[in-house]
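Can you make the complete structure from the sequences, with help from the hints?
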Amino acid sequence: MSSAHVTPGSVPGPKLAAHFASLEVQKHAARLGMWLFLATEILLFAGLFACYAAYRFLFPEAWAACSRELDLTMGTVNTVVLITSSFTAAMAVHYAKEGKNKMVGHMFVLTLLMAVAFLVIKYFEYKHKFHIGTLPGRYYFYEGIQLPGAPLFFTVYFASTALHGLHVLIGMTVLMFSTVRAYRVGDFSANNYTMVELGSMYWHLVDLVWIFLFPMLYLV
Amino acid sequence: MTPSSSIAAPGAVPGHEATDDHGHHPSYLTDGTTVKSWLLTVDHKRIGIMYMAWVLLFFLVGGIFALLIRIELLTPGPTIMDAMTYNRVFTLHGIVMIFLFMIPAIPSIFGNFLLPLMLGAKDVAFPRLNLLSLYVYLAGAGFALWGMLNGGLDTGWTFYTPYSAHTTTTVAPVLFGAFIIGFSSILTGMNFIVTTHTMRAPGITWFKMPLMVWALYATSCIQVLATPVIGLLLLLVTAENLFSLGMFDVARGGDPVLFQHLFWFYSHPAVYIMVLPAFGVMSEIVATFSRKNIFGYRAVAYSSVGIAFVGFFAWGHHMFVSGQSTFNAGVFGVLSMLVGVFTAIKVFNWVGTVYKGAVEFSTPFAYFCGFLFFTVFGGMTGIAVATVSLDVPWHDTYFVVAHFHFIMVGATIMAFLAALHYWFPKMFGKTYHEGWGLVSAALIILGFNATFIPQFLLGNAGMPRRYYEYPERFQALNVASTAGASLLAFGFIIIAVYLTYALIYGERADNPWNSKGYEWLTASPPPTHNFIGPQPTYPEEPHFYVDPNTGKGEVSDV
Amino acid sequence: MAIANESQQEEHNMQEHHGAGRYVVIWVVLLVLTLVTVFTGRMHLPDFGLLLALVIASVKGTLVALYFMHLSEHRGANRLVFGVSIAFVVLLIGFTLMDFGTRFRLANPPGSQYSDLQAVDIGANKAEGRQGGHLDEKQKQEKHE
Amino acid sequence: MSDLANQFLFLPERASTFAERVDFLHYFVVGTTMVMSTGVGLAALFMFFRYRRREAHQTTEYVVPDLKTEFLFVSVPLVFFLAWFAIGFRDFTWYTTPPKDSMDVYVMGKQWMWKFSYPEGPNGVNVLHVPANRPVRLLITSRDVIHSFYVPSFRIKMDALPGRYTQAWFEATKPGTYQVLCTEYCGLSHSKMLAEVVVLAPEDYENWLKEQQRGRLQDRQDALADTSLVPPAARMSEQGQKLVGAQGCLGCHSVDGSKHIGPTFLGMYERTEKLADGQDIRVDEAYITQSMMDPGAHIVAGYQNVMPTYQGKLQGPESAAIVEYIKTLRTPNVRESASEGPAYDPIQ
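Protein chains in written order, with UniProt numbering: chain C, 1 to 220; chain D, 1 to 558; chain G, 1 to 145; chain L, 1 to 348.
All the given hints hold, so there is nothing to weed out.
Mimicking EDC-like on lysine to aspartate or glutamate, the simulated pairs with C-alpha atoms at most 16 Å apart in a straight line are:
id, chain 1, residue 1, chain 2, residue 2
1, L, Lys-192, D, Asp-82
2, C, Lys-129, C, Glu-69
3, C, Lys-127, C, Glu-69
4, L, Lys-192, D, Glu-472
5, L, Lys-259, L, Glu-273
6, C, Lys-97, G, Glu-73
7, D, Lys-356, L, Glu-55
I should point out that these hints are in silico values taken from the structure, not numbers from a laboratory.
Structural data, given as structure tokens:
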């Protein structure tokens with residue numbers, strides 16, 4: 001987009017790339033693109049959900065027993081943390097529309113802090129599992145549950161939480177760019193908030209996936 | 001309603017003179033000649049051309065693997081390699097041809113080049129993502145090639161567990177490479193969908209889009225929705241192979257059939273990723289060369305979307321004898337029949353298009369004839385193998401191999417070559433030698449038949465696929481197949497020679513077919529921003545060859 | 001070049017700007033639903049426990065998608081994309097489960113609810129991992145029925 | 001008539017009840033396909049010629065199909081496809097539902113051979129004996145990766161999944177020998193994983209069964225019509241299995257892993273043994289052969305030097321056959337009795 005130019009006018013606006021007919025089109029394209037990308041993310045997790053569903057269907061007893069082995073308190077706290085971080089991300093979009101760049105930055109910093117909290121809690125959960133041996137497949141050495149399918153539960157658990165954790169990290173990176181821009185440049189406004197909006201959409205997706213993973217793993 | 005003036009006089013294209021005669025607006029080929037101007041370009045046309053270079057290179061690699069396979073199968077015993085090498089060669093043939101050639105071939109080359117032109121846009125919606133998709137593709141290809149050079153893998157391109165989880169060959173880098181290529185496929189798909197939604201020039205409503213665009217749109221939907229599932233699956237198998245993650249591990253209660261479900265959830269729609277763009281290309285070509293509006297335009301457009309949708313729910317017909325339930329076999333069997341119906345609609349409408357047309361039998365049309373043949377027989381044998389009980393003896397035999405080569409190699413390569421010849425003047429502003437074009441088309445169509453018809457019979461006789469050695473009674477047909485393959489290789493060599501010659505010394509051409517497709521209303525090769533000056537008015541309908549004086553007045557119903 | 005109709009429509013929809021109160025309400029509802037699902041989850045309802053949890057999760061997910069992700073204001077393609085992807089997830093899972101539920105029982109993983117084979121072991125460590133199964137005497141007689 | 005069609009389509013001999021059903025549908029599908037595509041092709045060719053171009057910028061009439069035509073385009077193929085499906089699915093259901101009076105045979109695939117065993121009767125490697133005109137249900141499993149059991153002449157095929165059973169059944173219609181192929185890629189020697197089904201007339205089958213139960217050696221040559229079909233290694237190992245019984249090896253050597261007077265054959269091949277003199281030796285062909293001919297040369301620690309020499313008692317090919325047989329017992333945890341169920345050994 002070498003020949004991009006700034007739209008005339010005193011209000012700092014977004015850049016219009018030369019190949020788009022108008023700003024509306026450009027924003028529409030960006031948003032549709034993001035939704036398509038989120039659709040691919042949903043289908044990425046769909047594969048894991050299918051594995052989960054199949055094995056839950058086959059081994060309900062092992063699933064119930066293993067699920068009770070997880071730390072429900074930590075899981076609940078993590079859910080609350082992630083939902084709240086999603087709320088602050090939504091607020092960031094709200095402030096961006098009003099042009100309050102400082103508040104956008106603050107909201108994203110809160111979101112990022114909660115993301116870190118989420119990962120720290122996850123770390124302690126993992127650590128405990130490595131300690132007692134509720135590990136995937138052949139690495140499983142926990143004596144407490146000797147039901148067929150138990151090692152599979154932890155394969156699914158680790159695969160899905162690890163993939164989700166990876167998405168938390170990616171989401172954090174995305175939000176960090178918006179945060180820096182909000183503080184440094186501060187040009188988000190009612191007609192220029194696509195970057196904030198898309199970043200926060202990604203973060204909501206991370207939240208959305210966890211909203212499903214939480215009952216699937218902790219509340220069978 | 002009368003068609004616009006630009007339709008009436010194809011020669012008087014706005015901006016055309018300015019480009020060629022005065023040189024104010026260099027074509028995309030000459031606008032910047034440095035290496036950097038190519039490698040860092042965001043111009044969809046240059047990206048398409050770069051894709052073409054790489055994709056053709058991988059086609060050559062895959063083709064060499066194919067010839068090695070055919071030579072090995074000349075005799076019942078070992079011929080030129082040992083069993084391990086053979087197992088790797090057929091695996092790499094599959095992986096290279098599917099992930100590196102067939103999936104990007106038509107969408108990434110011709111889709112990239114033509115989609116914005118056909119929609120009257122300056123570029124695709126996300127030009128930088130478009131460039132990124134090329135480099136992601138190359139990165140994935142690099143990983144895969146590195147894995148191949150380190151010994152390759154012997155799982156077959158289907159990577160079935162538990163074999164792929166335990167084989168000692170180099171599985172991980174190749175799988176990871178395929179995973180990365182998936183991203184490239186997703187990026188292209190996203191880009192095309194958004195472009196189709198937001199970048200259409202004024203007047204282009206959904207039902208005025210050329211059928212190529214419909215086909216690309218349907219293809220992109222599949223790419224976006226199916227590719228993530230195989231991405232996840234490839235990661236799981238890589239993890240299984242490297243760290244024994246255990247998702248499909250039989251010893252832990254895992255189910256290898258679940259792997260197959262997830263695998264075919266992608267890989268069956270992936271077949272349509274390969275063949276739908278071919279349908280799009282052929283819709284363009286049959287209209288241009290018979291100078292006729294498409295018979296049943298809406299039926300062809302809807303059937304593209306229909307195939308894309310129903311194609312997702314037919315995956316179980318790859319698993320009739322895998323231990324899947326009888327009930328599921330029935331459900332998937334019925335749904336597979338629907339895909340067949342959609343394809344049949346297309347075939348009938350293509351043939352119908354010729355009715356009362358004005359056929360010019362040039363090279364792209366010759367490929368259309370071959371395509372029609374391969375699609376009908378490839379499609380019908382597809383229906384036959386999806387007819388549940390018939391699949392029992394045919395499954396995993398050479399019958400299936402011949403069937404999908406008829407569709408994927410026959411139909412898709414016919415379309416690829418047809419597109420290459422049809423849009424060659426558009427891309428490079430030059431023409432090739434028509435005589436050689438027809439000769440090589442005849443050679444290739446003959447070669448395909450000679451290669452794969454014996455394979456249908458081999459399948460009937462019961463020869464399983466992926467066999468290094470085979471009982472002696474299968475030899476005669478195998479020799480016939482190998483002979484056909486060499487004919488085919490010869491045909492490709494001729495094409496490579498005369499097209500390279502045409503690229504350098506070819507005669508100057510602008511629109512040698514007098515096509516009225518919207519992409520032909522700008523100069524050949526097009527300028528960097530596709531259209532110069534006032535954009536040509538979009539025709540009343542796509543594929544419109546009606547006499548402007550009478551208009552649509554005499555609408556004949558059939 | 002004019003604007004494609006779709007884009008205009010969407011821009012129009014996105015003009016709406018709501019107060020922050022709406023987000024707070026959604027947030028509170030989400031937290032309440034989380035507590036409800038934890039509460040019902042701890043009751044270990046026998047059959048429909050997971051189903052109930054998933055229904056609550058779907059409600060939460062819908063709220064996030066509609067209001068945090070502004071899907072309630074988006075029209076056309078965006079909704080279609082989201083809807084189709086969810087539908088495909090459901091169909092993928094549905095067809096797969098249908099297979100496990102209706103399969104020849106001995107073809108399911110041994111030790112599972114839908115198999116007549118007993119698991120030899122659970123495959124817990126490197127040394128085990130030879131999960132097979134065997135038929136009970138009773139089942140041997142019944143297997144033809 | 002149908003023989004001619006079979007020859008034309010290169011179909012193998014038809015030797016089961018299922019094959020008759022499949023072939024009937026095959027002819028129907030091929031027939032309608034040929035008729036319809038010939039029709040479409042001729043129509044296309046005619047129009048290519050009839051409507052050839054007469055001038056470069058020729059314009060054409062605007063032709064669109066009416067609803068009736070489009071309906072025809074949809075309904076005609078749909079009716080045919082659904083008819084094929086209905087017949088095909090009926091036959092498939094028939095194929096996946098074994099009759100109640102069928103006899104069970106357990107089939108186990110492993111890299112790269114097939115083992116057959118009967119619930120109460122004998123075992124066989126790469127040769128399956130069944131009576132003609134009686135339904136036989138196969139309970140198929142695998143011990144390592146996925147294999148697929150395919151008998152072209154019966155038109156039957158079913159994947160062998162590790163650790164569980166799939167089922168297939170057939171009723172052979174005429175005595176003879178039919179080839180079994182593996183159709184799911186299973187590794188290096190996938191294409192050598194051949195076996196055969198020997199269909200015997202009912203009374204011959206009874207005799208064969210009795211002979212097996214009496215434990216007498218049976219002359220394999222009588223039953224085999226075409227000896228070239230079975231791979232040499234598999235044939236040898238089967239001969240070896242018989243020799244081991246006939247020569248009395250089993251008096252001292254077990255094949256199920258239990259310790260007896262001599263070391264067990266199970267998993268012996270390629271195992272590293274500690275010798276009485278403290279050295280290590282890797283058990284290979286040479287060592288096994290040497291131990292048969294000169295048993296005292298290298299005694300495995302913990303065993304007495306009590307084995308007589310077989311020098312002169314065994315011919316060269318016979319000792320080789322025994323070696324082949326011992327090789328097939330390579331994988332640990334071999335289960336000899338079939339009814340125990342599927343077992344699974346991950347490849348290391």
